[in-house]
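**Student:** Just need the whole structure built from these sequences, with the hints factored in.
Chains as they are written, first to last, in the numbering used here: chain A, 1 to 354; chain B, 1 to 455; chain C, 1 to 261.
It is worth saying that the hints were derived from the structure and are not from the lab. Don't take each hint at face value.
[What the hints assert, rightly or not] Which residues of chain B face chain A? A few of them, derived with a C-beta cut under 8 Å, are:
no., residue
1, H68
2, L71
3, E188
4, A191
5, T203
6, A279
7, D373
8, T376
9, T382
10, S420
11, L424
Quantities reported herein were computed from a predicted structural model and do not represent experimental measurements. Even glycine gets a Cβ: it sits at the ideal position worked out from N, Cα and C.
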Amino acid sequence: MKSIKTLLAGAALSALAGALTVGVSTAPAEAAGKKIAVSWKTFQEERWKTDEKAIKAVVEAAGDTYISADAQGSASKQASDIEGLITQKVDVILVVAYDSDAILPSIKKINDAGLKAIAYDVQFEDPNALYITFDNIGVGRLMAKEIVKAKPAGNYAFIKGDKGDPNATFLFSGITEVLKDGMDSGKIKNVCETFTDGWKPDNAQKEMEQCLTKQKNKVDAVVSENDGMASGVVAALKAQGLAGSVPVSGQDGDLAAINRVALGTQTVSIWKDSRALGKAAAEAAVALADGKAVASIPGVAKFNKGKKGVEMNAILLAPTPITRDTLNLVIDAGWITKDKACAGVKAGSVKSCG
Amino acid sequence: MSAAPEASTAHLVAVESPSKRFFRATEIDTRLLGMVGALILIWVGMDLIGVWKDQGFTLNPLAIWDNHSFLTPRNLWNLLVQTSAIAVMSTGMVLIIVMRHIDLSVGSMLSFIGVITGVAQVYWLSPWLGSESPVIWIVGILVALGAGALLGAFNGFLVAYAGIPSFIVTLGGLIVYSGAAWWVIRGETVAPMDANFELIGGTPSGAWIGGKASWALAAFICLAIVVGIFTNRSARARFKFPQRPIWAEVFLLVVGCAVALGTAWVVNAYPWPAKVAEAYAAEHKIPIPPDGADGLGLAHGFAIPMLIALAVGVIMTFMATRTRFGRYVYAIGGNPEAAELAGVNTRFITLLMFMTMGILTAVSACITSARLDAATNSLGQTNELYVIAATVIGGTSLAGGVGTIYGAMLGALVMQSLQSGMTLLNFDSAVKDVIVGSVLVFAVWVDQIYRRRQA
Amino acid sequence: MDAAKPLPLVEMKDVSIAFGGIKAVDHASIDLYPGEVVGLLGHNGAGKSTLIKVLSGAYKRDGGTILINGEEAHIGNPRDAKRYGIETIYQTLALADNVDAAANLFLGRELRTRWGTLDDVAMEAQARRVMGRLNPNFRRFKDPVKSLSGGQRQSVAIARAIHFNARILIMDEPTAALGPQETKQVGDLIKQLKAEGIGIFLISHDIHDVFDLADRVAVMKNGQVVGSGPVTAMTKDEVLGMIILGKCPPGATPGPGAMAA
Numbered sequence: 001m002k003s004i005k006t007l008l009a010g011a012a013l014s015a016l017a018g019a020l021t022v023g024v025s026t027a028p029a030e031a032a033g034k035k036i037a038v039s040w041k042t043f044q045e046e047r048w049k050t051d052e053k054a055i056k057a058v059v060e061a062a063g064d065t066y067i068s069a070d071a072q073g074s075a076s077k078q079a080s081d082i083e084g085l086i087t088q089k090v091d092v093i094l095v096v097a098y099d100s101d102a103i104l105p106s107i108k109k110i111n112d113a114g115l116k117a118i119a120y121d122v123q124f125e126d127p128n129a130l131y132i133t134f135d136n137i138g139v140g141r142l143m144a145k146e147i148v149k150a151k152p153a154g155n156y157a158f159i160k161g162d163k164g165d166p167n168a169t170f171l172f173s174g175i176t177e178v179l180k181d182g183m184d185s186g187k188i189k190n191v192c193e194t195f196t197d198g199w200k201p202d203n204a205q206k207e208m209e210q211c212l213t214k215q216k217n218k219v220d221a222v223v224s225e226n227d228g229m230a231s232g233v234v235a236a237l238k239a240q241g242l243a244g245s246v247p248v249s250g251q252d253g254d255l256a257a258i259n260r261v262a263l264g265t266q267t268v269s270i271w272k273d274s275r276a277l278g279k280a281a282a283e284a285a286v287a288l289a290d291g292k293a294v295a296s297i298p299g300v301a302k303f304n305k306g307k308k309g310v311e312m313n314a315i316l317l318a319p320t321p322i323t324r325d326t327l328n329l330v331i332d333a334g335w336i337t338k339d340k341a342c343a344g345v346k347a348g349s350v351k352s353c354g
Numbered sequence: 001m002s003a004a005p006e007a008s009t010a011h012l013v014a015v016e017s018p019s020k021r022f023f024r025a026t027e028i029d030t031r032l033l034g035m036v037g038a039l040i041l042i043w044v045g046m047d048l049i050g051v052w053k054d055q056g057f058t059l060n061p062l063a064i065w066d067n068h069s070f071l072t073p074r075n076l077w078n079l080l081v082q083t084s085a086i087a088v089m090s091t092g093m094v095l096i097i098v099m100r101h102i103d104l105s106v107g108s109m110l111s112f113i114g115v116i117t118g119v120a121q122v123y124w125l126s127p128w129l130g131s132e133s134p135v136i137w138i139v140g141i142l143v144a145l146g147a148g149a150l151l152g153a154f155n156g157f158l159v160a161y162a163g164i165p166s167f168i169v170t171l172g173g174l175i176v177y178s179g180a181a182w183w184v185i186r187g188e189t190v191a192p193m194d195a196n197f198e199l200i201g202g203t204p205s206g207a208w209i210g211g212k213a214s215w216a217l218a219a220f221i222c223l224a225i226v227v228g229i230f231t232n233r234s235a236r237a238r239f240k241f242p243q244r245p246i247w248a249e250v251f252l253l254v255v256g257c258a259v260a261l262g263t264a265w266v267v268n269a270y271p272w273p274a275k276v277a278e279a280y281a282a283e284h285k286i287p288i289p290p291d292g293a294d295g296l297g298l299a300h301g302f303a304i305p306m307l308i309a310l311a312v313g314v315i316m317t318f319m320a321t322r323t324r325f326g327r328y329v330y331a332i333g334g335n336p337e338a339a340e341l342a343g344v345n346t347r348f349i350t351l352l353m354f355m356t357m358g359i360l361t362a363v364s365a366c367i368t369s370a371r372l373d374a375a376t377n378s379l380g381q382t383n384e385l386y387v388i389a390a391t392v393i394g395g396t397s398l399a400g401g402v403g404t405i406y407g408a409m410l411g412a413l414v415m416q417s418l419q420s421g422m423t424l425l426n427f428d429s430a431v432k433d434v435i436v437g438s439v440l441v442f443a444v445w446v447d448q449i450y451r452r453r454q455a
Numbered sequence: 001m002d003a004a005k006p007l008p009l010v011e012m013k014d015v016s017i018a019f020g021g022i023k024a025v026d027h028a029s030i031d032l033y034p035g036e037v038v039g040l041l042g043h044n045g046a047g048k049s050t051l052i053k054v055l056s057g058a059y060k061r062d063g064g065t066i067l068i069n070g071e072e073a074h075i076g077n078p079r080d081a082k083r084y085g086i087e088t089i090y091q092t093l094a095l096a097d098n099v100d101a102a103a104n105l106f107l108g109r110e111l112r113t114r115w116g117t118l119d120d121v122a123m124e125a126q127a128r129r130v131m132g133r134l135n136p137n138f139r140r141f142k143d144p145v146k147s148l149s150g151g152q153r154q155s156v157a158i159a160r161a162i163h164f165n166a167r168i169l170i171m172d173e174p175t176a177a178l179g180p181q182e183t184k185q186v187g188d189l190i191k192q193l194k195a196e197g198i199g200i201f202l203i204s205h206d207i208h209d210v211f212d213l214a215d216r217v218a219v220m221k222n223g224q225v226v227g228s229g230p231v232t233a234m235t236k237d238e239v240l241g242m243i244i245l246g247k248c249p250p251g252a253t254p255g256p257g258a259m260a261a
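**Tutor:** Right, here's the structure in full:
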């Protein structure tokens, strides 16, 4: 109830603010246009540029204005960025939080100014904000599902990510959720399970070598929590002539991993299309800027699985498993060129490669 | 001539215990012996713990031979391959530390060089020359070595001529090169590497030299030891110097030969993996014998990375002990001022040393990226810690002036034995870190006690 | 002075050097003839070690000229100095503690085989020869010099200086770490080298040592030369007066540092 009230008040305020700006501004009129801003935690990483392109496209197509601020990897810079955006009287701020706790006072300021905040990819727990991300538990589930499809029973090895990264454990809970029945019935046996320092491929390679030595090569499937480590796993399998016959999972849609999928040495790479994420977030932002209620945005559901268990509205996008059969998805999306994806693949062996 | 040995020991106390006389005559470093002892202890310990865990926490002496996994040719072979990259870098780190410097940038530099050679092979050379071209791997290696020499020389320049402490220069390098590695490929993985280049890593079947060549190499090493002993004796005879007793020479020869032949035996006892052998048989139209592909009698033998590490060890030992450069490195480490006053160009030697370190890092970058068949910006990061740890475990004093190449390489083997042993035994990775760190500190402590007792 | 006198081996003229604005050596001039021992005296910090380090190439002078055999010498580093036949035994001995006697002896001038590698056996042979001359009891050729006694280390340092046919020898407190027996050995050695026509600068603050061994003394104070003259023309008390007060006695030629009379 309360949240709807603030929402309405916010909408009214922002409409008023918009009118005022137009009245005072000497700039060319953009009366219908709303302002949608993104506060990035850092622009040093390539992926955010992909997100930005998608967001910008949607925002501009709707006739709104896109504004961006780069916190350059500093929580305090991000706080002042947001203050600046509030003074610029934007309508919606998408925040990629550098620090999900330190950001909360800034989010409160956004709420107090009657603007709307969207937690983009990184969660911060504020009940008024909308959280848009990929379903991370789902990634683990998808990996396990694809591996089970390829090898329903046998000795499984688990190459987990860095022990200091909660995501590694998070993924693993999704994986075990799917494998639970098989493990309980004894069909699936956990023969090796290890964390990998720094998610490093060379560490994963050593771990896999040790696992194969220990099991005298009797390993039937490997669940690796990302593509980088999968490259190490595949190298270790290759040394034993097992690459291609033992299913291996991964995630991230690494270009090299997609090529491995095409070659058959890796079974699946779970792909989180950041353009889809950007598009969904931008559409939500445009809708919110136009004064639509959060609940009316498609895909919104309640989410309370954060650190503090705060209930908030969230859009959880389903990631896409890329297998030999779905290779065309990444190629068609322009994520990877067909040449790169299909390098070294025998003609006619994979449908998407021709 | 027979009176000569007495002359060399004449100045010593008249009564000398047999063990002391043994070590003096053979000139064996007792610390080396301690390290070999520690290594054997770790190997046997790991093996027994493995058996004990597998047998449900009991030790049935009759079943030990059926269950062990650490002391198997396969695991020892893996261990040697896994050690090679760190061992190569540790040979340079010894001399850097001997000179009272440090190089913290080797891990990041490895990533950066790995990424550069990866990009060169996959994105430039392969499209330009065609992926089958036989020159790709050569150019790939040259690019890596060139980059290593350049980056190392730059580090060295800043240390020697700009006078910035090496700790700071290479700490900066650690951050810069890891950023640079990221910047080149934007976090992507570059793969696959050139097929010939991949052999450097020891993964595909072409990267093992096989049984016969391995025995031949071991025999050659035996021969080299014999030749070495004779040249040394004849040189000393020329100047009428006291000679080592014959029994000591024979002992060293026997031990050296036993190590070479024993290693060859171990690597040859690891047959080709069944699947690889089957594929080989199919390709060469060899019928597979009834007892499976093992019956083809194909042995791994030494892998290329092991040979690279061996060659680097020999070359670096030669450099350290038989050339002016090595002599100056040690003299600078012992007393930089004295070396300068004696007319040694200490700055240039420092520059050269860092450049050598860069080249060795490039060699390791080739081994690591070839082994993974991919280059990523995370490759090799934090390796500097393992390299420095291996060097220190190998008896190099951080105060400078003291350290040996073979010690550092053995130190690398000790570190890797602990790590891969614990992975093999499915130790929790947090426990692994605790143990590896403790062993490092413990090893240095024991070393200090030993030195104090010797002084 | 006299036209009949031979050319000086070394002539340092108006040499100055400053560290951070403090003049460690201030327009000092000093000379040395073949077969002569010149004692250089002064307090700690009087500038004698600094002046001599300019000659041995360890420091670069700010001003002044150095003539070797009457010709201007360009000494920018220790290697240059060695080319002019200038060898130095430093107070600190300047040995690399972690390597053996032969390695120290040949440091910077290693003998090499025809393949360019170190010829350790040849170096050891020569080291045995030269050490046999200086210290016949010395046998620890394989041990790092760190484990040697003070006298043994000293003999390594001296051996290094004389082995390469030095014409000019600089000895900075050569007997500071030695017992009476070894001090006497060093004294005998100096006489022997002198007889061979080598010029020696002997730096010491032990005035008795200097009177026993030197032909001439030069005294420095606050970076300046107080005066110099033959030992026969001065008493020990007069020399002490030069060191402490800067008072130049009649037997000596006054320098810029002499107290105005």
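**Student:** Under the criterion of a CB-CB separation shorter than 8 Å, is B:D373 in contact with chain A as hinted?
**Tutor:** 5 Å, holds
**Student:** B:L71 was flagged as interface toward chain A. Is the shortest Cβ-Cβ separation under 8 Å?
**Tutor:** Interface hint status for B:L71: violated (12 Å vs cutoff 8 Å).
**Student:** Regarding the hint that B:H68 lies at the interface with chain A, is the smallest CB-CB distance below 8 Å?
**Tutor:** It is violated, given that the least Cβ distance between B:H68 and chain A is near 11 Å, above 8 Å.
**Student:** Given B:T203 as an interface hint, is its Cβ closer than 8 Å to any Cβ of chain A?
**Tutor:** 5 Å, holds
**Student:** The hint names B:A191 as touching chain A; please verify it with the least Cβ-Cβ distance against 8 Å.
**Tutor:** 4 Å, holds
**Student:** Taking the closest Cβ pair, is B:E188 under 8 Å from chain A?
**Tutor:** Because about 6 Å separates B:E188 from the closest Cβ in chain A, which is inside the 8 Å limit, the hint holds.
**Student:** How about B:S420: closest beta carbon in chain A under 8 Å, or not?
**Tutor:** At about 6 Å, which falls below the 8 Å cut-off, the nearest Cβ of chain A leaves the hint on B:S420 intact, so it holds.
**Student:** Measuring from the C-beta of B:A279 to each C-beta in chain A, is the shortest one below 8 Å?
**Tutor:** 6 Å, holds
**Student:** Under the criterion of a CB-CB separation shorter than 8 Å, is B:L424 in contact with chain A as hinted?
**Tutor:** 4 Å, holds
**Student:** Per the CB criterion, is B:T376 less than 8 Å away from chain A?
**Tutor:** 6 Å, holds
**Student:** Would the stated hint for B:T382 survive a check requiring a Cβ distance to chain A of less than 8 Å?
**Tutor:** Holds: closest Cβ of chain A sits about 7 Å from B:T382, inside 8 Å.
Hint violations for this structure: numbers 1, 2, all remaining hints satisfied.
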